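Q: So the sequence lines, in the order shown, correspond to chains A and B.
First residue of the first sequence? That's 35 in my numbering, and the numbers climb one at a time after it.
First residue of the second sequence? That's 8 in my numbering, and the numbers climb one at a time after it.
Hints in this document: simulated from the structure, not taken from any laboratory.
There could be a bad hint or two in this list.
[Unchecked claim] With the Cβ distance kept under 8 Å, some of the chain B side facing chain A (calculated, not the full set): (1) Ala73; (2) Glu76; (3) Val101; (4) Gly102; (5) Ala114; (6) Trp139.
[Said to hold, decoys possible] To give an idea of the chain B side of the interface with chain A (calculated C-beta under 7 Å), a few residues: (7) Ala21; (8) Val35; (9) Arg39; (10) Ala54; (11) Phe56; (12) Ala60; (13) Pro77; (14) Leu80; (15) Thr100; (16) Phe104; (17) Glu108; (18) Pro113; (19) Ala117.
[Unchecked claim] The following label-pair restraints were derived from C-beta to C-beta distances: (20) Gly324/A to Gly90/B: 37 to 45 Å; (21) Ser137/B to Thr36/A: 23 to 31 Å; (22) Val122/B to Ser49/A: 40 to 48 Å; (23) Ala93/B to Asp312/A: 36 to 44 Å; (24) Ala93/B to Leu113/A: 43 to 51 Å; (25) Lys331/A to Val11/B: 24 to 32 Å.
As the structure is a computational prediction, the values presented were derived from the model and not from experiment.
Don't be surprised by glycine CBs; every beta carbon is placed ideally from N, CA and C.
The lines below spell out each chain.
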Amino acid sequence: MTRRQLLRHTAWFGSAVVLTVAGGEVVSHVADQPVPAAAADPTALRFVQVSDSHLGFTGPANTAVEESFGDAIAQINALPYEPAFVMHTGDLTHLSTAAQFDQVKQMMHGLRTGQVLTVPGEHDSVDDAGQKYRAAFGAGTRGDGWYSFDTRGVHFIALVNTLSLEKLGHLGTEQLDFVRQDVAGLSSDTPIVVFSHIPLFAMYPAWGWGTDDAVRALGYLRRFSSVTCLNGHVHQLFTKTEGNVTFHSATTTAYPLPQPGRAPAPTPVTLPAGKLRDALGIREVSYRAGTRALAIKDRTLT
Amino acid sequence: MRVVGILSRLGIAAGLALTGYLHADLYVHGYRGLHVIGPSFLWLAGASFALAALFVVAALLVVATAVPEPALLRLAAAALAAGALAGFALSRTVGLFGFLERGLQPAPQALLSLVAESAVLLLAGGGLWSAWRRGVAAAPTPD
Chain A
35 MTRRQLLRHT AWFGSAVVLT VAGGEVVSHV ADQPVPAAAA DPTALRFVQV
85 SDSHLGFTGP ANTAVEESFG DAIAQINALP YEPAFVMHTG DLTHLSTAAQ
135 FDQVKQMMHG LRTGQVLTVP GEHDSVDDAG QKYRAAFGAG TRGDGWYSFD
185 TRGVHFIALV NTLSLEKLGH LGTEQLDFVR QDVAGLSSDT PIVVFSHIPL
235 FAMYPAWGWG TDDAVRALGY LRRFSSVTCL NGHVHQLFTK TEGNVTFHSA
285 TTTAYPLPQP GRAPAPTPVT LPAGKLRDAL GIREVSYRAG TRALAIKDRT
335 LT
Chain B
8 MRVVGILSRL GIAAGLALTG YLHADLYVHG YRGLHVIGPS FLWLAGASFA
58 LAALFVVAAL LVVATAVPEP ALLRLAAAAL AAGALAGFAL SRTVGLFGFL
108 ERGLQPAPQA LLSLVAESAV LLLAGGGLWS AWRRGVAAAP TPD
């Protein structure tokens, strides 16, 4: 190779490296931009999602989960507006004991909101297939606790994918039929919001972070222009868009779990002193009629 | 032939830019939280944009000076596309660093990436193949 050729190759190679690093930096910077604030429109539909409170959990990852959940409730009550409803997306309790259900129900009675709604997590149906959960929170629901409702033009569907789980979440034929019939009469421009505990997308199947028959449920929702799925279970924020569907995993009010694959198993993570509250939080959601997407604002516990 | 060469380089640049954009979009909208997969998407996006820009420069140089870029550049583009396609195949079969997805999800990004990366592989690989054939044909033969 001549000196001239060497210089030419070096120039091309150097440019490739510099541009790769610059491109990576730009993409990384874009990813770190904060999500736009929730719509300031006072007529917007606003609600709050909390998840995975695990009342009754004892362990070094959070030695006071009740206090953390109480702080989350206080933070919701301190919002400058009253949310239309507060949805708890499951694992209200850690071991489904009657005392834990009593405690979480009493605490949620203190929420300043129009309505308190829930879907069960797998920790809410330990050993009893969700009987105690439905006794506490199942009024007005169908089947194993699923239901739907409409508020300000948005159609909400609350699903139960934690009762028949093997490794992944599972909805089952009866619930899938419910979804199909539930949306059959809706116009395709109706915004749809689906709540579940376990993600309806394959977030990390190796740890059971997905729902094996969710594809069928999402198939019934394919014709809608805006579908938003909000879930818990994974104790961390994660967002993914697949076609017309956007998935948002919520964080927890109890303790963090590792990011997918960064630990041998999804066991509670003990953070250094003073860092726990940064991993816990609540989610504000708003929707303004005429817009396509919901505005999501995740806040850490204050 | 020169026009074909210029169009080939621009085609590679477009394919790389598209796959770079799609991976950057997926990274921004959630994949960055995935162990190994997230940073891989970021690097794939950065490298795709970089190579796309260099192929545009290469096309301009061919127009202006008729001097082709080093074969290493086409090799890098082909390797990047092949690597992305292999990662896609693994993530739909045995899993890649524990990450598994189904079929052509997320849509439409998965399908568009497949098309873009296949096009890059064909164009870059085809260019390398024809350059190699020309090299063989031009090599002195023993009497």
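Q: Going back to the hint list, which numbers does this structure go against?
A: 1, 3, 6, 7, 15, 19, 22, 25
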